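Protein chains in written order, with the numbering used here: chain A, 1 to 276; chain B, 1 to 295.
To be clear, the hints were calculated from the coordinates, so they are not data collected in a lab.
Mixed in with the good hints, there may be bad ones.
Claimed, not checked - List of simulated lysine to any residue pairs, SDA-like, C-alpha gap at most 25 Å: (1) K102/A x E168/A; (2) K99/A x A80/A; (3) K97/A x Y13/B; (4) K264/A x I87/B; (5) K97/A x I87/B.
Note that this is a predicted model, so its numbers are computed, not measured.
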Amino acid sequence: MKAKNRGKLGIHVGIIIWLIISLAPLLIVFSTSFRTVSNATSPIQIFNEFSLESYKLAFGRMNFTESFFNSLITTGISVAVVVVLASMAAYPIGRMKTKGSKFLHILFISGLVIPAQMVVITVVQTISGLGIPNTRFTPMIMFITCSLPFSVFLYSGFIKSVPFEVEESAYLDGAGIGKRFFQIVFPLLAPATVSVIITQGIWIWNDFFFPLIFVSRRAHHPLPLAMLGFMGDSQNPTQWSVLFAACVLCAIPLVAAFALMQKKFVEGVAAGSVKG
Amino acid sequence: MKNKSLVLSSRMYLFAIPALIIYLTFWIYPTIRLFYYSLTDFNGLSPNYQFVGLDNFRQVTTSPMLTDAIGNTLIFTVLLVIFGNFIGLALALGLNAKIKGMGFYRSAAYLPTLFSAIVIGFMWTYVYMPDRGLIASLMHLVGLDGSNFNILGQSSTALHGLIIVAIWRSIGTTTIIFLAGLQTIDHSLIEAGEIDGCSQWNLIRRIKIPLLRSAITINIILGVIAGLSTFDLPFIMTSGGPGTATHTLMFAIYRLAFNEQRFSLAAAFSVVSFAIIIVITGILVLYMNKREVEM
């Protein structure tokens with residue numbers, strides 16, 4: 001028993017050391033964000049001042065309210081569309097055992113290995129060729145497209161585990177194919193839906209690449225793009241308090257969502273791996 | 001089961017059409033166009049362009065930027081996968097022990113994965129900053145001379161500096177996937193091992209790790225995909241520099257296309273990257289699948 005306790009102590013110590021090393025930057029950023037701009041002491045003297053001055057400045061400079069809503073709208077709509085389209089596309093892939101469904105499967109998962117940055121040059125052309133203007137909504141096209149491979153892959157794995165009999169009995173009750181999918185199969189895919197919402201929601205919310213390419217007007221910037229305005233400041237110690245306040249503001253919506261739904265986040269990230 | 005073909009009518013394929021249209025228009029079609037432009041001298045704007053055959057590829061293969069970018073990307077991927085998996089596995093084994101505060105530790109370990117690359121880039125630029133950054137300040141504090149300390153400013157260390165950030169960011173996800181794998185392990189197997197007098201190390205090596213095979217496969221594949229498509233950290237933290245020290249494949253493509261307006265050269269670069277990525281992930285997936293079946 002003694003050895004076991006010592007082992008547990010060792011685990012605690014190991015994990016705490018790792019956490020201190022890995023969370024130290026977060027702590028410093030957090031503490032520095034509460035300083036006034038004139039505070040020139042080194043940031044490692046943590047929490048030596050408490051003021052919201054830097055937050056006020058950062059809030060205005062990054063146009064927080066507007067950027068936040070741009071992020072919220074584009075992420076929300078993109079994720080909702082992905083859930084509907086990917087689950088539908090996965091239906092024949094998970095259910096049919098034909099050459100056609102196998103081809104669809106390979107077609108979609110091949111997208112997993114193509115990085116978005118690689119095709120972006122021709123994507124820009126395609127989108128402007130279709131006459132789509134650059135607005136806050138344009139990146140959504142690529143958010144949805146890039147989320148499809150993983151989401152279709154995940155959903156088709158889950159659909160395979162939905163017993164065929166439930167559909168058969170619905171069929172005998174006279175349910176059409178649409179009704180069967182949306183009222184019987186789709187609700188049974190809830191764990192996959194949680195996983196898609198969490199994993200795709202996080203990357204879409206945090207992505208700055210597609211907004212960087214497709215959003216030109218300042219008022220249309222989502223949060224990560226609003227942060228680009230601080231680019232030079234990370235080299236300039238006198239700007240750190242405002243820069244770090246902006247970092248905290250940018251991160252807080254997702255951290256808050258995580259705090260409220262920790263279990264869902266962990267399940268969502270894990271579900272993708274266990275089924276896949 | 002005689003109704004199966006009626007229940008599973010081919011009308012089911014209609015469900016795939018909306019996703020298919022989007023996917024083909026904005027993913028497959030642009031990929032094909034990329035191959036086409038790589039054979040032209042298109043500059044991204046002028047509609048008058050000509051076929052130049054393999055000229056772009058000749059330029060690409062003789063440019064030192066390409067060899068640097070390939071080398072950097074491979075180093076980045078290998079180190080990210082190896083260290084990311086080792087640390088993630090160690091952390092997951094620790095967190096899986098039934099200890100107090102496990103939920104708190106797990107949440108704290110997951111925290112870094114929630115931040116945007118921009119925020120992470122700014123944070124770590126401060127951590128690495130010469131003289132006044134976090135590491136330099138700590139060095140001063142313990143009496144070391146931190147004045148020569150400049151990870152991102154030196155070609156020899158800049159890439160490793162970015163790799164550390166990439167590992168730091170990915171550990172949370174890696175750990176959660178390992179933890180989920182550990183929790184599916186049948187407890188009676190562990191108990192049987194304990195009764196047979198297995199040491200903790202042997203329990204991990206002979207029972208847990210083999211049973212974690214599929215979690216390991218996924219973490220390696222996720223790491224390889226992330227490593228090969230690295231773009232945001234060099235873009236935000238080093239602008240690919242100093243020189244080409246932190247140019248990755250995707251950074252080089254972006255730079256050629258959007259900063260230097262050499263559209264067709266960027267397309268050729270993309271085609272080369274595409275081939276590299278397909279070959280590496282293809283070999284990996286085949287190898288991993290074979291290993292998994294053998295187990």
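Against which earlier hints does the structure fall short, listed by number upward? Hints 2 and 5 not satisfied by this model.
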